[in-house]
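Enquirer: Residues per chain are reported as follows:
2 protein chains.
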Amino acid sequence: MAIADDPFIFEACEPLIRGGKRLRPMLFIMCANSKVDCPPEKTMPLATALELIHTASLVHDDIIDTSKKRRGVETANSKYGAQIAVLVGDYLFAKAFQLVAENNYSSEVQMILSKLVKNLCVGEIMQDRSLFEVPTLNEYYTRINLKTAIFLSSCCRLGAGVAEMDRREVDNLTAYGSGLGLAFQIIDDLLDFFGDEKITGKPHGGDLKSGVITLPVIRALEISDEASTLRKIVTTGGNVDAAIKIIQATDAVDYCRTRAEAHIESARINLPLTLKTSVALALEQVADFIVDRTR
Amino acid sequence: MAIADDPFIFEACEPLIRGGKRLRPMLFIMCANSKVDCPPEKTMPLATALELIHTASLVHDDIIDTSKKRRGVETANSKYGAQIAVLVGDYLFAKAFQLVAENNYSSEVQMILSKLVKNLCVGEIMQDRSLFEVPTLNEYYTRINLKTAIFLSSCCRLGAGVAEMDRREVDNLTAYGSGLGLAFQIIDDLLDFFGDEKITGKPHGGDLKSGVITLPVIRALEISDEASTLRKIVTTGGNVDAAIKIIQATDAVDYCRTRAEAHIESARINLPLTLKTSVALALEQVADFIVDRTR
Chain A
1 MAIADDPFIF
11 EACEPLIRGG
21 KRLRPMLFIM
31 CANSKVDCPP
41 EKTMPLATAL
51 ELIHTASLVH
61 DDIIDTSKKR
71 RGVETANSKY
81 GAQIAVLVGD
91 YLFAKAFQLV
101 AENNYSSEVQ
111 MILSKLVKNL
121 CVGEIMQDRS
131 LFEVPTLNEY
141 YTRINLKTAI
151 FLSSCCRLGA
161 GVAEMDRREV
171 DNLTAYGSGL
181 GLAFQIIDDL
191 LDFFGDEKIT
201 GKPHGGDLKS
211 GVITLPVIRA
221 LEISDEASTL
231 RKIVTTGGNV
241 DAAIKIIQAT
251 DAVDYCRTRA
261 EAHIESARIN
271 LPLTLKTSVA
281 LALEQVADFI
291 VDRTR
Chain B
1001 MAIADDPFIF
1011 EACEPLIRGG
1021 KRLRPMLFIM
1031 CANSKVDCPP
1041 EKTMPLATAL
1051 ELIHTASLVH
1061 DDIIDTSKKR
1071 RGVETANSKY
1081 GAQIAVLVGD
1091 YLFAKAFQLV
1101 AENNYSSEVQ
1111 MILSKLVKNL
1121 CVGEIMQDRS
1131 LFEVPTLNEY
1141 YTRINLKTAI
1151 FLSSCCRLGA
1161 GVAEMDRREV
1171 DNLTAYGSGL
1181 GLAFQIIDDL
1191 LDFFGDEKIT
1201 GKPHGGDLKS
1211 GVITLPVIRA
1221 LEISDEASTL
1231 RKIVTTGGNV
1241 DAAIKIIQAT
1251 DAVDYCRTRA
1261 EAHIESARIN
1271 LPLTLKTSVA
1281 LALEQVADFI
1291 VDRTR
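Going down the list, the sequences are from chains A and B. Heads up, the first sequence is in my numbering, so the first residue is 1 and it goes up one at a time. Heads up, the second sequence is in my numbering, so the first residue is 1001 and it goes up one at a time.
Since the hints were derived computationally from the structure, they do not count as laboratory data. If you're wondering where the values come from, they're calculated on a predicted model, not measured in any experiment. There could be a bad hint or two in this list.
Said to hold, decoys possible - Below, simulated DSBU-like cross-link-like pairs (lysine-lysine); rule was C-alpha separation at most 30 Å, straight line: (1) Lys-1042/B x Lys-1021/B; (2) Lys-35/A x Lys-115/A; (3) Lys-21/A x Lys-276/A; (4) Lys-79/A x Lys-1115/B; (5) Lys-1079/B x Lys-69/A; (6) Lys-115/A x Lys-1079/B; (7) Lys-1115/B x Lys-115/A; (8) Lys-1115/B x Lys-1035/B; (9) Lys-21/A x Lys-1232/B; (10) Lys-1042/B x Lys-1115/B; (11) Lys-1021/B x Lys-115/A; (12) Lys-115/A x Lys-1042/B; (13) Lys-79/A x Lys-1035/B; (14) Lys-1021/B x Lys-68/A; (15) Lys-79/A x Lys-1042/B; (16) Lys-21/A x Lys-35/A; (17) Lys-1079/B x Lys-232/A; (18) Lys-79/A x Lys-1209/B; (19) Lys-1209/B x Lys-68/A; (20) Lys-209/A x Lys-1115/B; (21) Lys-209/A x Lys-1068/B; (22) Lys-68/A x Lys-1079/B; (23) Lys-209/A x Lys-68/A; (24) Lys-1276/B x Lys-1035/B; (25) Lys-79/A x Lys-69/A; (26) Lys-1021/B x Lys-79/A; (27) Lys-1115/B x Lys-42/A; (28) Lys-79/A x Lys-1232/B; (29) Lys-232/A x Lys-69/A; (30) Lys-209/A x Lys-21/A; (31) Lys-1069/B x Lys-1079/B; (32) Lys-69/A x Lys-35/A.
Unchecked claim - Taking beta-carbon pairs under 10 Å as the criterion, some of the chain A residues facing chain B (in silico): (33) Phe-93; (34) Ala-96; (35) Val-117; (36) Asn-270.
C-beta: ideal position from N, C-alpha, C; glycine also.
Just chain A, with the same shape it has in the complex (with noise of 0.2 Å):
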């Protein structure tokens, strides 16, 4: 199935979609396949409608953020322009619907990633308006549930929900993908800052450059002794790398690093002690993906 019947458009989209670590419809994969086989036909439409989904909303994230790279290749917003930009994500999200739609998915399914790309908007909306304010945690992490955790917790609905699992066993995953999503993204503000540009695929400090202040600053202002020249840096998008530098003097990197761990834990015990073996291992081998990864 081609990503896009329009020439250009596939040529705008597809080093994105080339790249990636398609976290979203593995997911989904692995939880439809939680209890049988199940056959892909009754996957890959939906697990591709994830990913369009996700690469739809990085493609407007380029724009907001107005980013050069993205998973080590220029950005649509920066080849074309955000005016083409805007239509290739638009593009995209339509295809994923019309997706689902073709596959005869139930009005659930669709009901789900409607909402998902509503809490999406919803979060990004929030970190755009309050760009070079420091949040309360509480703040920082309803941002990070609407931009990424309730995104892979509905991947793992719909997996589960293709399973036909029990009612009980479906909230059990959604939590797992819950807690995934809040660790991977705590992991990814963390790798924003130290992460190695060559692996990761994005320049560094990019999130503060561009005023969103995550989780390592929240806890460098609360206990450096430079945290007024922190909080000057990050409220004007100052030097980042003197920003970079007292946050390391602090313990920020080990806090979010155990508040990652502590939601990977809450992840692993809502694993269904009903899945498959080999299901269930694999679930466990991305949570451990999630806090290890360098990308």
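Since the structure of chain A is provided, determine the placement of chain B on it from the hints.
Expert: Chain B only, in chain A's frame:
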């Protein structure tokens, strides 16, 4: 029903949603009532979804065209910036698909909607990638078909579907919508030059300024003595008033009206004879409105 659960998104799109002609939901509802009276609960959610999709596309268009005003009010792009406008548009698209999913419309409905959004995007991309280039008549028609005619014909097709019309009637109502759409866009392109700014709610010559070359220009270039001056203006984004004078000295306005009227006639002859009289009359009136409209 609230447009958006999120208070900020509600605030951002409410002025835009308050205005507008409601052409798309109106066409859908009329067609849905073609045979027997259709209960509002069968039409309202999808009618709302159609208007939301249209509104979302306008919000994104205004980023693309960097328009300041739309429907007489400040655009989301101008008021909140491109970043927020991207997300508000995405939210509205998602809300539309949610409404359809929640109200158990068929997957065919979802498919028609997602394809129509894809076509909107392809049409807009086509337009955006050829700014300041003079399209052939054929290219112009391809673009207005993707941008407008397919949308209006989809509204009619969806209505005919809800009315459970037979295949031939559905095709005829679709053809009616298509003719209507072509005429609508041609008149829209005329109004952009010669409309009353107070009535259209949009500043004059906006298309030309942003490099979108439409039928009045295509015609004037074909027959004007000052074609080379006009070509220079439109391919470089020069003086709109000078361009308007050159266009007005030709038969371009009449030519566009004649073409629009031809499409309206084709719309009219496609109206199935089996419609309820009241609906047939109403759809004739819509056709009249399209060519006579001032906004």
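Enquirer: Could you tell me which of the hints above the structure violates, numbers in ascending order?
Expert: 9, 13, 14, 15, 20, 26, 32 and 36
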